[in-house]
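Peer 1: We have chain X already, so just place chains Z, V and D on it with the hints.
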Amino acid sequence: MSEVVIETPGAAASYLANGVTLRSWLLTTDHKRIAVLYFGTITFFFFIGGGAAALLRYNLILPQGMIGSAETYNRLFTLHGVVMVWFFLVPAVPVTLGNFLVPLMLGARDLAFPKLNLLSWYLFVAAGFVVLYALFAGGVDTGWTFYTPLTSAYTNGHVVATAVAIIVAGFSSIATGLNFIVTIHRLRAPGMTWYRMPVFLWSLYATSVILVLATPVLAMTLLLLAFERIFHIGVFDPSLGGDPLLFQHLFWFYSHPAVYIMILPGFGVISEIVPAFSSKRLFGYKFVVWASMAIAVISFLVWGHHMFVAGTSLYSALVFSILSFMVAVPSAIKVFNWIGTMHKGFIRFDAPMLYAIGFIGLFTTGGLTGLFVAALAADVHLTQTYFVVAHFHYVMVGGMVSAYFAGLHFWWPKITGRMYPEMWGRAGAVIIFIGFNLTFFPQFILGYLGMPRRYHSYPPEFEVLNVLSSAGATILAMGYLLPLGYLTWSLFYGERASANPWNATGLEWQTASPPLTDNFVSTPTVTEPPYNYPPPEVVHRHA
Amino acid sequence: MSQRFRSLLLAWVLLMVLLAIEFGTSFLPLDRSARPLVLIPAVLMVAVVGTIFMEVGRGPEIVRLFAVAALLWLSMLLGLGSLDPMTRIDYPVQAAHPR
Amino acid sequence: MPEASLTHEFQYSSARHQAETAISGMWLFLATEVLFFGALFLTWIYSRHWNQAGFDAGARRTDLAIGTINTVILLASSFIFSAGLAFIEAGNTRRLIQCCAIAWLLGIGFLILKFGIEWREDFSKHLFPGPDFAINGPLGGGARIFFVFYFLGTAVHGLHMIGGLVLVGWIILRARRDEFSFRYYTPVCVVGLYWSFVDMVWIVLYPLIYLVGRGP
Amino acid sequence: MRFWLPQATTSAAEVDYLILALLLTSCAILALVFGLILLYMIKYRAGSGIDRGVPGEKTWRMEAAWTVGTLLIFFGLFVWGADLYVRLFQPPSNALKIYVIGKQWMWKIEHQGGQREINALHLPVGRPIQLVMTSEDVIHDFAIPAFRIKHDVLPGRYETLWFEVNEPGIYRLFCTQLCGTGHAEMFGEIVAMSAPGYQNWLDQNGAEETLAKAGETLFMRYGCSGCHGGNGAGGSQSESTVPAPSLTGLYGSPVTLIDGSIITADDLYIRDCIVLPDTRRVAGYPPLMPSFAGQISAEDLLKIIAYIKSLTPEKQL
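Residue numbers (numbering that gives the first Met the number 0), protein chains in the order written: chain X, 0 to 542; chain Z, 0 to 98; chain V, 0 to 215; chain D, 0 to 316.
Hints may be right or wrong, so weigh each one.
In silico SDA-like cross-links for lysine to any residue, where the CA-CA straight-line distance does not exceed 25 Å [what the hints assert, rightly or not]:
{"#": "1", "chain 1": "X", "residue 1": "K285", "chain 2": "D", "residue 2": "L71"}
{"#": "2", "chain 1": "D", "residue 1": "K102", "chain 2": "D", "residue 2": "D136"}
{"#": "3", "chain 1": "D", "residue 1": "K102", "chain 2": "X", "residue 2": "W143"}
{"#": "4", "chain 1": "D", "residue 1": "K102", "chain 2": "X", "residue 2": "S68"}
{"#": "5", "chain 1": "D", "residue 1": "K212", "chain 2": "D", "residue 2": "S245"}
{"#": "6", "chain 1": "D", "residue 1": "K102", "chain 2": "X", "residue 2": "S456"}
{"#": "7", "chain 1": "D", "residue 1": "K96", "chain 2": "D", "residue 2": "E116"}
{"#": "8", "chain 1": "X", "residue 1": "K285", "chain 2": "D", "residue 2": "R51"}
Derived from the structure by calculation, the hints contain no laboratory data.
So here's chain X without its partners, still in its complex pose (with noise of 0.2 Å):
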């Protein structure tokens, strides 16, 4: 792809022996290490959540509930919603992975603003302090959606805590998407047009258009919150001449676009694996391209679809009703386009490929349910049921954190220099594939058959299929705590890996494993369209 010249790198010029103090660490400006930081913090983060989910999933088994006190657990799945959303599926794959290769796959040096990009790591984990201080010294009981007037003026929890830790982490999402856009702009390699990126960078770029403009506005209506909760003041509480409305409105507009802040980079490191694995170019580059670029702009026009029993006008309900069913067409068209890639290609089973094909499967089953929740009269039905809990974890957490796990998986190598145990890898895929369907599949059918959200306690009716999830459940956990294991046990035992073991093209394979602190050795040229992989013929199996 380049005529990058690649020395033999000695093991002190790699990015990960350039100091070993903590100090080093700490005041890093290199974004490779601030992207190591962020693999720790993200991590501590989604075991936190996950462990609440599982107190859930526990309590849920008998219809009477197996915690004692619904306070405990409307605290508990608040819990889980502001740890997984904001401090592990919005920021997941852009400050980890996204860091780590923004500048490899363009062939930069360093992001364009690193200090800025190491105070965003620091704003995440002061968020991170003040969100645990709140959550653990008493909690929020709203779910993380915050509806007034029960967050303004009814609950008795720490709000203005938990709030004023999403406004600061949402600073340092800013700060991250601001960068993002910015280097992709302007410090691609000589050669590196916006036709030659590759589709991760491109989903990235999506990603940080909606970063950028709608976090905004989620700390402007969090500070409205706040300054109602402790003012008694009601911009949203209908007694003093507000609209609670209001506040959905506002809320959804970041909140909605949120949920492809997480899905899009998702986007991104499937498109990068099916070609690699297929040894094929990528089926309609540009389609996908502008189909990420169409989900940024569109995702912003559809939030009302929250709304469409909330008491909204018959018109907007409508409105939102079309264009929520126009932003299924380009993740219609993203699906179609990764078959495609399969197609006459040279398909390899690794772990990546097998967490990738597990996204196609869920993502797409996720997106479809999303079309039962877009069209109107269905939606009265199933809104605010399991059927919607159902929908977005199956796009949220089988689509996004597949694509996590496979990603990290596909660029492990690239990252520590070590192979991962290519068995426990592929074994954990199929765990989580098979746990996630047993956990979340049953929860469509409660759904349908009326079981609510957010209820601590249920009718006995909805007992089995309850049961059968929690049984999923074990087996999803098993699945995330095996990656855990056997990938910490690589960083020690792994086997070297070279500078290209899946033999996939991109610049971030040019340089070495673990890539040079300065991540090439010379600037390198592109002169070929992505995904050139070479014709079937002369495929080798690698090494």
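Peer 2: Same frame as chain X, now just chains Z, V and D:
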């Protein structure tokens, strides 16, 4: 330099004129729903500051891109955000005022 | 100007590349700020729609004189800072310092008028929408929301002003250390963008607070 | 344990058809996606020696085909869902009105005859029912899965929901909008009865004080009678010197307003006159009526309106 200074000065005078117009129109007996028209001079003032003080026309291409994006997304927020209240009929339980 | 300041950080290909990138970064940051204040503007549109009379009743209690004087002050400050930028483009550091100093003082003047005088007046007239809020009756609800908008809007804008003043002060300090020349003045550009943006926000807030609700 | 919900209303089957259509569309697409993935996984696995031919370069025809295809399917589903939604939320004018008040954490129901119940709603089958709902505190949501319908219940304003039950039985009622600690306890049951059964139930339950009757007491207590007369006959016929319009026969009759327009006095108008008298003053009387906004609870307001509605000319005799 003096060329630039002169255009800045001109812009400032223009801003003062627009401010005076805005200030003046706010005293016109406009209907309550027509009063947001007072905002028109303000929009022009924003345009003057953006083009002359901030020189949106200078610098790399993406500067314009970012400026246009900001306006586009702002219009999405304000446009779709006011769609619901403008087309909704509420049946309040009682007039909303405290105490 | 020492040659050192013309070097660039390692991720850029040239000093010009770095300068343009910094300016683009600031513009993008300002785009996020537009949406930040945008949420507040939507709150205004939305709440006024349901409470027009209350909003107008609130707006009539605001201090038009101070608001207007402040608008003039801020426009002047932004203009003078831009002039300073024009001077440094021609290499005149002394004039840059003078302009920045005037812009800075005007900014301080704005803050004093706004928070030292106007806010104090508002509090003494019980216009803060707390328990002893001055406007009651059917218009009270709308007037309260208007004053939430007023206090939150001016407070957030004021915080941006303070941030801007710190940045302008930083420019003055660096200019006094003779760090800028006609070849290198990127920080002046970047701060100028921010300072003018703060001005822009006020240009919109001013009619929303003082003018729209004020009929004859 | 059952995996199918009863279709207890006339529209439930229609919603189910829509969901079924969505389900079939999804299954078809899923079968296509999973089928192709499995097929390619086997056929084009790296080890297989199958001839792949020359890979095609042109993709736009395929792209255009599936873009347009999905667009058309989605548009069809939108129209279907939207049409049904519009009908789901437009109550027929002859619907029986029942009042619902949500509060942390219970549902309070009031029938037109003044019968009250908590966390239960008795209603007749075979005629349209319209629920007029409001909340006393936070947002709740009145959801009946067997009717395939739900709507948020907001504080400070009325929302409505209508349906026509065609199958007698007992159905679950849930609050589906998180409303605080007791959210999961805020459920109840809908008892759909035959028309005579419902009448029977009404007769047995608190016919002693109807809404209107309670409203009459309140009419005195809030001082309405001071101007409008003890039986709502109007200021000129009472001992009061204040000229106030007669309320007898007001409901449903045309009213001329000070701006000359003529409107029909409906529930909304009567309510406005009490809490927002300035909005629509009746012609011919000085604007003396004070606003009772903030002084009358939602419940009392319902009763007073019911009383005013009951003031028909015959009743005066």
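Peer 1: Indicate, hint by hint, whether the structure satisfies it.
Peer 2: We went through each hint and held it up to the structure:
no., hint, result
1, X:K285 <-> D:L71, "holds (22 Å)"
2, D:K102 <-> D:D136, "holds (6 Å)"
3, D:K102 <-> X:W143, "holds (22 Å)"
4, D:K102 <-> X:S68, "holds (20 Å)"
5, D:K212 <-> D:S245, "holds (19 Å)"
6, D:K102 <-> X:S456, "holds (19 Å)"
7, D:K96 <-> D:E116, "holds (15 Å)"
8, X:K285 <-> D:R51, "holds (24 Å)"
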